[in-house]
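Numbering of the sequence shown is given in the numbering used here, commencing with residue 116 and proceeding in unit increments.
I should point out that these hints are in silico values taken from the structure, not numbers from a laboratory. Every residue gets a Cβ at the ideal spot worked out from N, C-alpha and C, and that includes glycine. Take the hints with a grain of salt, since some may be wrong.
Stated by the list, open to error - Per label pair, the in silico range of CB-to-CB distance: (1) A124 <-> K148: 40 to 48 Å; (2) R129 <-> A153: 31 to 39 Å; (3) E159 <-> V119: 50 to 58 Å; (4) R122 <-> L152: 44 to 52 Å; (5) R160 <-> V119: 50 to 58 Å; (6) A156 <-> A124: 40 to 48 Å; (7) A161 <-> A137: 22 to 30 Å; (8) T135 <-> R163: 30 to 38 Å; (9) R122 <-> A168: 56 to 64 Å.
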Amino acid sequence: MGVVNLRLARKAKRRATEETTAAANRAAFGRTKGEKLADRAERERAERALDGAKLGD
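Input sequences plus hints: build the corresponding full structure.
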């Protein structure tokens, strides 16, 4: 194992964490209004279907 430049290692680690954060932000905020509304409607429909399938006490 050779000598490791810690400055370069820190920069590489920071770039990797920033890339994962950026990917999460692209998924969360990089969608059109129509896509957001469609996802919301699907989630609400699934919740209603699940609530309707609950057994009574």
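Kindly indicate which numbered hints from before are broken by the structure, ordering the numbers from low to high. none
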